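Asks: Assemble chain B onto chain A, guided by the hints.
Chains as they are written, first to last, in my numbering: chain A, 15 to 645; chain B, 283 to 420.
I should point out that these hints are in silico values taken from the structure, not numbers from a laboratory.
Treat the numbers as computed from the prediction; the structure is a model and nothing was measured.
Even glycine gets a Cβ: it sits at the ideal position worked out from N, Cα and C.
Treat the hints with care, since some could be wrong.
If you anchor each label on the Cβ, the simulated ranges turn out as follows [to be verified]:
1. 341/B to 466/A: 26 to 32 angstroms
2. 592/A to 418/B: 41 to 47 angstroms
3. 410/B to 372/A: 34 to 40 angstroms
4. 466/A to 383/B: 46 to 52 angstroms
In silico DSS-like links for lysine-lysine, alpha-carbon gap of 27 angstroms or less [said to hold, decoys possible]:
5. 437/A to 153/A
6. 416/B to 437/A
7. 416/B to 445/A
Spelled out, the chains give:
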Amino acid sequence: MSDRKDQDAGVSRRGFLGGSLAAGAASVLPVTVDAQNKAAQRPVSAAPSAAKMEREVGMSQPPAAVHSVMRAGSDLMVQVLRDLEIEYVALNPGSTFEGLQESLINYGATPNKMPEVISAMHEGSAVDMAHGYARAQGKPMVALVTGTVGLTNASNALYQAFHGHTPLIVIVGNDEKNFLKSQTAQDIAGMVRPYTKWDTEPNTLDEALEAIQEAYRQAMTPPCGPVVIVLNSELQKSEYEPGKKAPTFQPPQIAGLSTSDASAVAERLVAAENPHISVGRLRSPQGIAAAVELAQLLGASVDTMATAGPMSFPERHPLVGPGAEKSWDFHLGLEAAGADVSITAPTLKDLEGRDPLGIDFGWKEDPNLRRGPTAKQTFAVDAEASLPAVIAAVRRLQSDDLNAKIQLRTERNAQANGAHRIKVLESSLEKMRPGWDGSPVALGRLYAELWPMIKDLDWCLASPSNFSGRRHAGLWDHDRPHSYLGVYPAGAIGYCLGASMGAGLAARDRDRIVINIQGDGDFNFLPGALWTAAHHKLPVLTIMHNNRAWHMEYMYIQFMAGVRGRGTDRAHIGTTFRDPYIDFAKIAQGYGMQAEGPIDNPDDMIAALQRGIEVVRSGKPYLIDLLTQPR
Amino acid sequence: MRATVAPILLGTLLVAAQSLGVCAAESDATVKRGEALYQAHGCYACHGYNGTGKRQLTEGTSGIITNDDVFLIYLRARADVKPSLPKQYMPHYPASSLPDEDALAILSYIRTFDDDPPSIDDAKALRGILQSAKDDIR
Chain A
15 MSDRKDQDAG
25 VSRRGFLGGS
35 LAAGAASVLP
45 VTVDAQNKAA
55 QRPVSAAPSA
65 AKMEREVGMS
75 QPPAAVHSVM
85 RAGSDLMVQV
95 LRDLEIEYVA
105 LNPGSTFEGL
115 QESLINYGAT
125 PNKMPEVISA
135 MHEGSAVDMA
145 HGYARAQGKP
155 MVALVTGTVG
165 LTNASNALYQ
175 AFHGHTPLIV
185 IVGNDEKNFL
195 KSQTAQDIAG
205 MVRPYTKWDT
215 EPNTLDEALE
225 AIQEAYRQAM
235 TPPCGPVVIV
245 LNSELQKSEY
255 EPGKKAPTFQ
265 PPQIAGLSTS
275 DASAVAERLV
285 AAENPHISVG
295 RLRSPQGIAA
305 AVELAQLLGA
315 SVDTMATAGP
325 MSFPERHPLV
335 GPGAEKSWDF
345 HLGLEAAGAD
355 VSITAPTLKD
365 LEGRDPLGID
375 FGWKEDPNLR
385 RGPTAKQTFA
395 VDAEASLPAV
405 IAAVRRLQSD
415 DLNAKIQLRT
425 ERNAQANGAH
435 RIKVLESSLE
445 KMRPGWDGSP
455 VALGRLYAEL
465 WPMIKDLDWC
475 LASPSNFSGR
485 RHAGLWDHDR
495 PHSYLGVYPA
505 GAIGYCLGAS
515 MGAGLAARDR
525 DRIVINIQGD
535 GDFNFLPGAL
545 WTAAHHKLPV
555 LTIMHNNRAW
565 HMEYMYIQFM
575 AGVRGRGTDR
585 AHIGTTFRDP
595 YIDFAKIAQG
605 YGMQAEGPID
615 NPDDMIAALQ
625 RGIEVVRSGK
635 PYLIDLLTQP
645 R
Chain B
283 MRATVAPILL
293 GTLLVAAQSL
303 GVCAAESDAT
313 VKRGEALYQA
323 HGCYACHGYN
333 GTGKRQLTEG
343 TSGIITNDDV
353 FLIYLRARAD
363 VKPSLPKQYM
373 PHYPASSLPD
383 EDALAILSYI
393 RTFDDDPPSI
403 DDAKALRGIL
413 QSAKDDIR
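Just chain A, same shape as in the assembly (with noise of 0.2 angstroms):
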């Protein structure tokens, strides 16, 4: 039966062993006498039945009684999340859900890719993954993990998730019948509601299947952020009605500018000789086509935070820049500070009732909230749902004389732009020389020798930069949605392989290439997921920013050594990784992936850029141990 099991899998059992048998040899110890006699002394089983023979050969048929579940309410789950565009469930096999993941790979046309199960090898991979997938494609994805234990694992990416505003879904299942007692709990949601939008645990498969739609409703409704469904076993493994269907999804209704306000604004706008635009973090590329239309239709300076995350203006538009004149007189925020009038939405620090132990987890400061003048006047609504009416009223005050203004307007801000563009760019330039040819390489040259080879691709920086000196900054053109998906929002390490496979998730459909630039102390965190990005055919190129340390800790230690007076020739010890030094290719390879390194000096750094290019272009993922300077 077994080796039956393992031909339908593709993979013989034969060729498996055959490999451990070869490497086990060499350890086999001698037999020693007494484990010859224990051996003796066992007892010999009893033949089997001729009944259970037939069952092993598959002879016998199911009793008539038995009752096998044709309409599993699993299904109909399996169907919400399809209805909703769901791409893809990232999970760790568990114990409380296999009513759901059988319907998830067996459901429809098998095997079911809508959603697509993405294996991960732990539950804070699973939710760093919707972490990134999110951040590139302004929508959610599932993790699914398994009860208590599946969610605590969870908990540190769900934290950061929550402090990035990302919209994801964590599905817990949870055993009413207690198969592990110690894996269920009252009330599982609880462990992380101070850090999560919103919870449910529905009781009927009606419920659960509208939770499913409320869930992705809360998730994408402004303050956008991580919410959790608790999915008993036995709702997954119920049988529906005959007839019975997925409810239809209602969108969420996100609030904008009243009609008034939104006229109001855009008479400030209009009456403005010289106004400007800040854009922080919309929601989706609609948003962003939205905020250029507007600032279009106004020949408005823009500034954008492109180059800090993801969902912005575009850094290349002729628009963006200080403009011609920077005295501006009406200054406009969206989602970002403006000097006039900021349109921002509410923050998840603002729910209520979602703390009830008041623990306050590290409020500091709205990430999105972009630093600048305090505005004269602040709408506490989405700007990306306003925008359509502040538009719809900009273009209602549109005359002819109105338009030549525009166009003068345009035409001079995008001189000026062009020329800062190059200024900065001249500056940034300069930048990157110092130890161009030295080795380890320099993280500049990795940036200027990078760009041209990515430049005319659809590529998303998915890995935080702020390590490696944000050097892509004034560098690259920051230019799509996805282009950069910004910083570690709670400063979590541990983050960055896990977002850059969930980008690379949406990348892979999508002709797209994701850059990961990978600090070797947040890879040792959860390594597992490069076997999901070689399994699952990841186009992400990982190029090790390896100094062999938690580097800024280091030097945290060092400071405070001098603070002292205790010199600085132990701050070594617990911040890097010597004796001995990690093989970060060795690593990759026993996970499937194509990979190589160490590599210490430039010639050979850019020889292997362009292999991992060309391989991650062919849809696979590659590694390249880079030995760099520490900063």
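Replies: Structure of chain B alone, referenced to chain A:
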């Protein structure tokens, strides 16, 4: 008050010391010892393995390597820094943690750093990036 005075005093001392123009006699053995100390104390963390890191230490890029006295004054003059937040600043080095002899050996090693990067025009990647941007805005 003290926090205000310290940088001014340091600046004055640095200027005075610069005018002395004292240099250490460098030998291969000293440089070698300096290299070992540079690595052991993790100077590369901020300054890079060859002085081209975030805080450059090649000739003409840092005032603190002007001469021996400036270097020593800089190392010894940072004791007032308050440890309120984690910082990536230059640590303080009293003589008890880094004797003059060791500090000057490190300086001897630093003086061997030689970075001569190509100009933007001479570096293919940099030149290409600039030209591409110029073409884009035309």
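Asks: A separate judgement is required for each hint: does it hold in the structure or not?
Replies: Going down the list of hints, with the structure as the test:
1. The hinted range of 26 to 32 angstroms is satisfied by residue 341/B and residue 466/A, whose Cβ atoms lie roughly 31 angstroms apart.
2. Restraint check, residue 592/A to residue 418/B: a C-beta distance of roughly 45 angstroms satisfies the suggested window 41 to 47 angstroms.
3. Between residue 410/B and residue 372/A the beta carbon distance is about 56 angstroms. The supplied range of 34 to 40 angstroms is therefore violated.
4. Between residue 466/A and residue 383/B, the C-beta spacing of about 48 angstroms keeps the proposed range 46 to 52 angstroms intact.
5. A hinted pair counts as satisfied when its Cα atoms are at most 27 angstroms apart, and residue 437/A with residue 153/A does not qualify at roughly 36 angstroms.
6. Between the alpha carbons of residue 416/B and residue 437/A the distance comes to roughly 11 angstroms, so the proposed pair stays at or under 27 angstroms and holds.
7. For the hint pairing residue 416/B with residue 445/A, the CA-to-CA distance comes to about 19 angstroms; that is within 27 angstroms, so the pair holds.
The structure shown violates the earlier hints numbered 3, 5.
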